[in-house]
Amino acid sequence: MTDTSTNMRLKLPVACFILEIILIILFGVFVEYDYDTSAKLFNGNTGNHGHGTGHATGHDAGTSQNTSHKSDRNDYENDFYYRYPSFQDVHVMIFIGFGFLMTFLQRYGFSSVGFNFLVAAFSLQWATLMQGFLHGLHDGKIAIGVESMINADFCTGSVLISFGAVLGKTSPLQLLIMAIFEVTLFSVNEYILLGLLGTRDAGGSMTIHTFGAYFGLMVTRILYRPNLNKSKHKNSSVYHSDMFAMIGTIYLWMFWPSFNSAITEHGDPQHRTAMNTYYSLAACTMSTYAMSALVAHDGKLDMVHIQNAALAGGVAAGTAGEMMLTPFGSMIVGFLAGIISVLGFKYLSPILEEKLKIQDTCGVHNLHGMPGILGAIVGAVTAVAIPKEVYGNGLEKVFPDVASGERDTSYQAGMQAVSLAVTLSFAIIGGVIVGFILKVPILGAPPDTACFEDSIYWEVPGEEHHHQELTAVRTEESDKLND
Amino acid sequence: MTDTSTNMRLKLPVACFILEIILIILFGVFVEYDYDTSAKLFNGNTGNHGHGTGHATGHDAGTSQNTSHKSDRNDYENDFYYRYPSFQDVHVMIFIGFGFLMTFLQRYGFSSVGFNFLVAAFSLQWATLMQGFLHGLHDGKIAIGVESMINADFCTGSVLISFGAVLGKTSPLQLLIMAIFEVTLFSVNEYILLGLLGTRDAGGSMTIHTFGAYFGLMVTRILYRPNLNKSKHKNSSVYHSDMFAMIGTIYLWMFWPSFNSAITEHGDPQHRTAMNTYYSLAACTMSTYAMSALVAHDGKLDMVHIQNAALAGGVAAGTAGEMMLTPFGSMIVGFLAGIISVLGFKYLSPILEEKLKIQDTCGVHNLHGMPGILGAIVGAVTAVAIPKEVYGNGLEKVFPDVASGERDTSYQAGMQAVSLAVTLSFAIIGGVIVGFILKVPILGAPPDTACFEDSIYWEVPGEEHHHQELTAVRTEESDKLND
Amino acid sequence: MTDTSTNMRLKLPVACFILEIILIILFGVFVEYDYDTSAKLFNGNTGNHGHGTGHATGHDAGTSQNTSHKSDRNDYENDFYYRYPSFQDVHVMIFIGFGFLMTFLQRYGFSSVGFNFLVAAFSLQWATLMQGFLHGLHDGKIAIGVESMINADFCTGSVLISFGAVLGKTSPLQLLIMAIFEVTLFSVNEYILLGLLGTRDAGGSMTIHTFGAYFGLMVTRILYRPNLNKSKHKNSSVYHSDMFAMIGTIYLWMFWPSFNSAITEHGDPQHRTAMNTYYSLAACTMSTYAMSALVAHDGKLDMVHIQNAALAGGVAAGTAGEMMLTPFGSMIVGFLAGIISVLGFKYLSPILEEKLKIQDTCGVHNLHGMPGILGAIVGAVTAVAIPKEVYGNGLEKVFPDVASGERDTSYQAGMQAVSLAVTLSFAIIGGVIVGFILKVPILGAPPDTACFEDSIYWEVPGEEHHHQELTAVRTEESDKLND
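Chains as they are written, first to last, in this note's numbering: chain S, 5 to 487; chain W, 5 to 487; chain Z, 5 to 487.
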């Protein structure tokens, strides 16, 4: 049953060991505690020091007044207490949310959760370094703390979105190699947007969702399998696998407000972002159910829509969520996102597969791609449509460059739009290149007949041994019921 | 297999679209950011403004000293940091807790999680408006933030309790209509209790649990199905569905301390409420296991009891949890709640069904109804039994009207008791009326033969396709084992 | 099918009722609110009072400057806001993490989650008292709050580790009795380490993991069943049970940073511990996947390794996590822990079973035993290897006795090493004694033929009744696919 080329006995250990040893060495050379995690710095008695946290440049613009490290500050002012609950919610989304969302396939649950786990564990380490190199190198060192942990998890999320596109058709080795390149490109794109262009994208409609989706779609396009229908009967759900997937869906839905608000400025922006996202998701759920019943066979709801499209409201609120979008605006955005997403699953995905040869296993184009673009557009429009007077003195927390007079709102909106184009370019070009890299035969991709199948990479146990006895019980009971 | 009357192709989309559009318009007209979510207000430099948060009146009595909005306040004093972790725990209870608790039915998992999701997404939006209109309209506007989000989730919880009573016997359209009315009545009852009567009910023994349970019981009474035994074989669990249900149970159990303490006053009341609930639940679990083994067949534990009765300690600590009940008192309350709840499942539920024609699918009378009443009584007794001197200067956070000298503790206790009667009246009368409304034939209720069955409203996949191959494997293994 | 000796109808209720009534009485006599949960004390206007919290002595050494209870302190300074999110993460690990991790057995899911639930609910109450008696009795009273709740959950974790060793082979009554003794011994050992020896062990590599593992291994050694192979076919997983177990694994993995940091000092130590653990776990996951593919059959990954060994990095960072270990050091520790743990599962567990007659159902020796010892050693080495200058003014939060000049770092390291020996002694001797106590026949242990089987203690439902209809559907579909 196992092809030797897919055998991971040596390939996977060698890759994991080499990668981890490289990571450890690089951490040893470059990484240090930031002011909030270091015993010496946090409790230091000199007030005269730079701000050395390693989080993304764009994210901490304007934070200086909040996190100025006074030597006499209280332990309770440690950023841990203001970021860590958000971090844990994001963490749950990455490992439970993405992991279980992908378990909808009937025979790919081990791989969905398990490769998600492996790829994420690698990516968050690599992202710490890449984001640190690009955004936060001070005196040759990357200083890290809870905010860099959130940013690393965010970057990991992008990789996992791409994983959704290629789900079932790649070896764990291919996924690790994809992660190496994707994390790197993600960090470059993020730096250009947040650091150079001064773009606002707290929840990552562009940096995370649009990037991850189109990157993954290009990879799966290059890895196109004309004979994938040989595994078609495994490329679907069963009753219990849909239930496991709903665990992922619901966790993503619940914690999306924490995701979008995790690295906004402290105070009202964080609070507002969470609330906007909450209402966007609620409205999105309503339109998702409506559209699912409308387009699905026989007026019945389709689990694929519920599991995915109901989340599009979180994606679409990723850029504008921190702005004064209002719950009213957020609900309109979520409402539209749900409609677009269900229509994508119903009508666009089949076309993408047939015409463009894009085999998008999880439909990431419908959950992350289109809603991500919608979110980017909403962000650009909101930036210019809401007058800056609406923000009052709070403007500098959301648009520091506008508050400082460096740019006006229409310029900000223009930069937001440019950022979408930059992101799409990086994602598409990067995805194509990485797709070709992943075609190297030695990487152990599964044959067409064994896609969407755990047993090629996992020891898979049988089903219940008590089946025989239970059948007897069941038959008895059925007899009774039929009386 | 599908009856045309249950076909949701047009009904559900029309309902969802109309409802959501109404919600969006009303949000546009009435809803605005509160002081902690608005960029302008939070960072404003005028100290002279009213307190415009939209949360329930009774809940913020006495908070003025805590949340006075000074113009120079720090970002770290934003209420987000003191309520949001509690909110997220409550959110998990609503969507995972209630959603998965109801998946115990063998063929109703999609509907349990999925309709829970839809109804909750609608209810939290509608509740924001209804609670806002009744409790927090200032200058014609409802100002919202994390506390109103918690209150909206609370109201949603009440609707989901009622859903438990009618589980398996209603269409999603019926559930949405039930939610419209129930949210409204909930808000009126809540306003009377907390706003007019000055009742304390932080964890909602009365407002949430008693109201939701008896409302749902009346609805299911009016929707009585004499021939429900045609679906009887589906109205039970299977092994895996019980495992999924335990996910719901455990999450409800773990986060109940957060639920009861989510909208108490800050400081010691929030801390104390969480701790009281923690010990109440622990004691309740002990008595639940004891009673289950005692009354169940052959001394074996019954999953129905464990999944439900072990939670009764949280319900019963909902009113008195914020008072100086002590862990000792909390444990006694939880201990009794577990006993009452198991006895209810074993002896009372069959009587309710046979004699009173109340078909209570999830046994909400045992988990929310009786323990809710117990909690209300314990609250009234505790209010008068613990001398106010025990609270010292902290009295005004728990009993502001007693602290201000407006009333004495026995008057407070009287109001607590009156509140129970008011709540029961609202729930019973409201439930009856709404039950009749839901009997309108066009709403698509399932026929008696298709209750507790997902496939009437959902595309349901088959079971594992690999069954054949596995059977072969299994047989081989069984042979070996039988040697 | 049920042996009368295993019938729990009277035994379990009697045990639960008596234990709970004793608990309630002892709580009534000894337990009171601490300064942060009491309405009177928290809002008191006298500044002159002692520090009466009931948490473990060693854990609060040096905290006085942080938690000094000034009469004018703000509600926002209540410890609730700085510990409760950590507490909830720990709580999830105890009830969902441990509970679902053990559901990997095909027919023992009810017992895994259910007995975990019962034993934990009992243990946390008993631990509150035992830890209070030993660590925090003031004027004959135990003052409790969120920190004591975390400590109680920690102690409970230790009992659940031992449960993993005997999983499937004990009655709920035996488990309760084991918990009575284990909680007591845990508290004594913890007091010796943290209170008398001044050892640092914030995440409990020694107090929780090493103690729980070797205690459980000794119990299962004494309860050795030579004919356990009669139940061998049930002592394995099936596809869905492995999926449920992954829920437990992922939650433990995600929240381990919260676990290790839950009762460190506030400020930088808590922040640093969480971050060190995060990187330790990520590195551990990489080495776990590498080793699993390397040693498992045919290069395929083994779910047993992924479910367990990937967590060893959290265990191994339990002692040194709060020290200035650096992410670099943490990753090395995690990397080694994963390797050791997989090797243990593959090569050591069979030897333990065959040669030493230790039937370790969950392999707790590999997840908690060896990694716990590794963590203790790493802690001792780190204590002396990192110069105290690296801590600057933050030294007193981590090594208060070194900061005060009472001891030097090498003495501290020596105490750390002595603590490991003390812990192992307590665990091994205690486990042997308790093992013999559990052999009392009346306790209702399952017969060899009915180990790893829910139906001996639980009402177990059948499997899906719709099986017949679905088989028909499936056959049709299979036919189509085979065309």
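Rather than coming from a laboratory, the hints here were simulated on the basis of the structure.
Just so you know, not all the hints are guaranteed correct.
The list treats identical chains as one, so a pair stands whether inside a single copy or across any two.
[Said to hold, decoys possible] Under the rule of at most 25 Å between Cα atoms (straight-line distance), these lysine-lysine pairs were calculated in the DSS-like manner:
| no. | residue 1 | residue 2 |
| --- | --- | --- |
| 1 | 236 | 304 |
| 2 | 392 | 145 |
| 3 | 236 | 15 |
| 4 | 234 | 392 |
| 5 | 304 | 361 |
Original post:
Which numbered conditions among the earlier hints are violated in the structure presented, ordered from lowest to highest?
Top reply: 3, 4 and 5
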